[in-house]
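Here the structure of chain R is known, so what remains is to put chain E in place on it, guided by the hints.
Number of protein chains: 2
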Amino acid sequence: MYGRIGKITAVAGQRDALAAIVLESTQAIPGCLSYVVATDSAEPDALWITEVWDSAASHRASLTLPAVQGAIAKARPLIGRFGSTVETTPIGGLGLQKAAA
Amino acid sequence: MYGRIGKITAVAGQRDALAAIVLESTQAIPGCLSYVVATDSAEPDALWITEVWDSAASHRASLTLPAVQGAIAKARPLIGRFGSTVETTPIGGLGLQKAAA
Chain R
25 MYGRIGKITA VAGQRDALAA IVLESTQAIP GCLSYVVATD SAEPDALWIT
75 EVWDSAASHR ASLTLPAVQG AIAKARPLIG RFGSTVETTP IGGLGLQKAA
125 A
Chain E
25 MYGRIGKITA VAGQRDALAA IVLESTQAIP GCLSYVVATD SAEPDALWIT
75 EVWDSAASHR ASLTLPAVQG AIAKARPLIG RFGSTVETTP IGGLGLQKAA
125 A
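Taken in order, these protein sequences are the chains called R and E. In my numbering, each number is its position in the first sequence, counted from 1, plus 24. In my numbering, each number is its position in the second sequence, counted from 1, plus 24.
Quick caveat, the hints were computed from the structure, so don't treat them as lab data. Don't take each hint at face value.
With a straight-line Cα cutoff of 16 angstroms, these simulated EDC-like cross-link-like pairs (lysine to aspartate or glutamate) come out [claimed, not checked]:
no.: 1; chain 1: R; residue 1: 31; chain 2: E; residue 2: 48
no.: 2; chain 1: E; residue 1: 31; chain 2: E; residue 2: 67
no.: 3; chain 1: E; residue 1: 31; chain 2: R; residue 2: 111
no.: 4; chain 1: R; residue 1: 98; chain 2: R; residue 2: 40
no.: 5; chain 1: E; residue 1: 98; chain 2: E; residue 2: 67
no.: 6; chain 1: E; residue 1: 122; chain 2: E; residue 2: 67
Only some residues are given here: those of chain R computed to face chain E with a beta carbon under 10 angstroms [what the hints assert, rightly or not]:
no.: 7; residue: 33
no.: 8; residue: 35
no.: 9; residue: 36
no.: 10; residue: 64
no.: 11; residue: 76
no.: 12; residue: 79
no.: 13; residue: 89
no.: 14; residue: 113
no.: 15; residue: 118
Just the calculated beta-carbon pair ranges, DEER-fashion [to be verified]:
no.: 16; chain 1: R; residue 1: 90; chain 2: E; residue 2: 93; range: 44 to 52 angstroms
no.: 17; chain 1: R; residue 1: 116; chain 2: E; residue 2: 37; range: 32 to 40 angstroms
no.: 18; chain 1: E; residue 1: 80; chain 2: R; residue 2: 107; range: 40 to 48 angstroms
no.: 19; chain 1: E; residue 1: 37; chain 2: R; residue 2: 93; range: 26 to 34 angstroms
no.: 20; chain 1: E; residue 1: 96; chain 2: R; residue 2: 108; range: 28 to 36 angstroms
no.: 21; chain 1: R; residue 1: 105; chain 2: E; residue 2: 84; range: 30 to 38 angstroms
no.: 22; chain 1: E; residue 1: 106; chain 2: R; residue 2: 113; range: 17 to 25 angstroms
Ideal placement from N, C-alpha and C gives every residue a C-beta, glycine not left out.
Isolated chain R (complex conformation) (with noise of 0.2 angstroms):
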């Protein structure tokens, strides 16, 4: 498996929309085992994503997807910038669901 940890940090006050358009694009997406969208308790602009997928390959592709160029052209205005993102191997837990074909 791949996984990815990334915080992304809205451009003021677009945070929800910017959620709203990734969430849009995560729909049954080939490989994708988990991907959660997630608010920042602490810091109002910020996002999170933590993703899970079956390998590296279907996350590199999944960005040829054109459901997935559509929504990072339209999310792109809205980010005012991206935090390090940490790539891991994840080994297991709750919620690793089965790879859309």
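Frame of chain R, contents of chain E only:
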């Protein structure tokens, strides 16, 4: 929903033993919607635990369960240090299972 993103660094060489203890304790805990244990791709002794709960109260309650308390006691000698834990409010995504009753 209530979420946590936390990093734990194991005593050198004990990461996998620590991960096994953590994973053992995460079986259908009431209110837990997602709980993923992952190794860090860059730091050999580090684990990331990303959690989604139906409420902060369910998370707090889980810490009093005998299985979880037992796991904490077994894990403690293997923990080198805790990183800062981010508290979040998950708003949606994929892989959020129904809470166990």
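Hints versus structure:
no. : hint                              : verdict
1   : R:31 x E:48                       : violated, 29 angstroms
2   : E:31 x E:67                       : holds, 11 angstroms
3   : E:31 x R:111                      : holds, 12 angstroms
4   : R:98 x R:40                       : holds, 13 angstroms
5   : E:98 x E:67                       : violated, 23 angstroms
6   : E:122 x E:67                      : violated, 33 angstroms
7   : 33                                : violated, 13 angstroms
8   : 35                                : violated, 18 angstroms
9   : 36                                : violated, 19 angstroms
10  : 64                                : holds, 6 angstroms
11  : 76                                : holds, 6 angstroms
12  : 79                                : violated, 13 angstroms
13  : 89                                : violated, 14 angstroms
14  : 113                               : holds, 5 angstroms
15  : 118                               : holds, 4 angstroms
16  : R:90 x E:93: 44 to 52 angstroms   : holds, 49 angstroms
17  : R:116 x E:37: 32 to 40 angstroms  : violated, 20 angstroms
18  : E:80 x R:107: 40 to 48 angstroms  : violated, 23 angstroms
19  : E:37 x R:93: 26 to 34 angstroms   : violated, 43 angstroms
20  : E:96 x R:108: 28 to 36 angstroms  : holds, 29 angstroms
21  : R:105 x E:84: 30 to 38 angstroms  : holds, 33 angstroms
22  : E:106 x R:113: 17 to 25 angstroms : holds, 20 angstroms
The structure shown violates the earlier hints numbered 1, 5, 6, 7, 8, 9, 12, 13, 17, 18 and 19.
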